[in-house]
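J.: Residues per chain, in single letters:
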Amino acid sequence: MQRCLAFQSGFVTGQNASLRASGSRSARAAASRKQVVVQARQAEAAVGIFGTKAGMMTYFTEEGAAVPATVIALEEGNMVTMVKTQATDGYDAVQVGYKVVLERKVRKPELGHLTKAGCPPMKHLREFKLLDAAKVGEYQPGQALDISQIFKAGDNVDVAGTTVGKGFQGTIKRYGMKRGAMTHGSKSHREHGSTGPGTTPGRTFPGLKMAGHMGAQRRKCRSLQVLKVDTERNAIVVKGSVPGKAGNILEIAPAKIVGTNC
Amino acid sequence: MLASQNRLLSGSRIASFKQPQPFVAAGRSRCQPTIVAKAKLAPLVDAIKADQIRTDLPPVNIGDTVRLGLLVQEGKGKTRTQRLEGVVIAQSGSGSNITITVRRVFQGVGVEMNFFLNSPVLGGLEVLRRAKVRRAKLYYLRDRTGKSARLKELFVRKEKAAAAN
Chain A
1 MQRCLAFQSG FVTGQNASLR ASGSRSARAA ASRKQVVVQA RQAEAAVGIF GTKAGMMTYF
61 TEEGAAVPAT VIALEEGNMV TMVKTQATDG YDAVQVGYKV VLERKVRKPE LGHLTKAGCP
121 PMKHLREFKL LDAAKVGEYQ PGQALDISQI FKAGDNVDVA GTTVGKGFQG TIKRYGMKRG
181 AMTHGSKSHR EHGSTGPGTT PGRTFPGLKM AGHMGAQRRK CRSLQVLKVD TERNAIVVKG
241 SVPGKAGNIL EIAPAKIVGT NC
Chain B
1001 MLASQNRLLS GSRIASFKQP QPFVAAGRSR CQPTIVAKAK LAPLVDAIKA DQIRTDLPPV
1061 NIGDTVRLGL LVQEGKGKTR TQRLEGVVIA QSGSGSNITI TVRRVFQGVG VEMNFFLNSP
1121 VLGGLEVLRR AKVRRAKLYY LRDRTGKSAR LKELFVRKEK AAAAN
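In the order they appear, the protein sequences are chains A and B. Per the numbering used here, the very first residue in the first sequence carries number 1; after that it's consecutive. Per the numbering used here, the very first residue in the second sequence carries number 1001; after that it's consecutive.
I should point out that these hints are in silico values taken from the structure, not numbers from a laboratory. All C-beta atoms, glycine included, are put in the ideal place defined by N, C-alpha and C. Since no wrong hints were added, every one of them can be taken at face value.
Each pair of labels, with its calculated beta carbon distance range:
#1 A:152 to B:1095: 20 to 28 Å
#2 B:1154 to A:61: 35 to 43 Å
#3 B:1056 to A:219: 35 to 43 Å
#4 B:1145 to A:184: 39 to 47 Å
#5 B:1078 to A:247: 40 to 48 Å
Whenever a hint applies, use it, and build me the whole structure from the sequences.
T.: Structure follows, in structure tokens:
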């Protein structure tokens, strides 16, 4: 389960003025800092569901276009397990469980948590953090989420998931750096080249792009069109590709469109 | 321990929930692996693909001379059927995304067109003539013109054709 890392560091304006006028340099610097609210994790536009990537296909739309599409299977689960509010937890979110499994596969504390919500043992528990606090009131623990009410064909969705792991990769694949000449006496083909200036500053800067682990990270594909919602087979067909391979757990939420819902 | 856990769940509101049955392979009664998610996902994709397969069009073979009716959008809402003719020189793909390549020499210029056989854009398909070919792909026709590009006609008895359909 996610832990909220929200914290606030702020200074009252009255205090600011008095500290700025008098006091030490550090106090004045502290006073002139603006109020900063740091919140970890982006919020979603609305509560979504979880799915499992099943595979890809060529989908024929009604207009006659042949588009690449991904089939996302919806396994048993997608139930609200907990509702978090500003008063109790400091932020607004709806916790959803996914993928019903055998009891012995879920740890005892988690099993107790799920039973308290009136839910079967589920493997994955993740939150949909909401921007709009009022929407949280619509959900209760134990509520099953119905896909046909959340999504329909033609909607846009944001699909998030863990990308395919590529392992330790060089800078060409990892950052798109250009390789050197393969012939004409070149001795540098797939190297990263220079790592910075010389005596001044006499060091390499942090954040320099170098070889390292690539992939296996959470990424979100924004605004994919829903082509089909299959309620009998429990599947959604979205246009385009989504992160990961078949069997990957995906978070499907209504698309965040600037100006309308975010 | 399992009995106590079951008692905890017996008071749950979910009446329709049932434990997923573990898959037991014959001869391996000791270890009972549960159904792996990936095994169920491929059949699901196949089922959704199968929804798109059209059954109203006749079967097409390599070497057939076909006439296709392509639904073309004209302005707002109006659709008309454009007729296209040619020889099927290649077939690719399987299942819902079978593609055929139709070749025709139009006003002195060789033209090849690709079509998805299951696309809703295909209004109709008519096989005019079948040919006896000994290749899966007739790309050699690109180098031939006129009489050397002729294909031997394949005669199918009416009873056999009726039985095939």
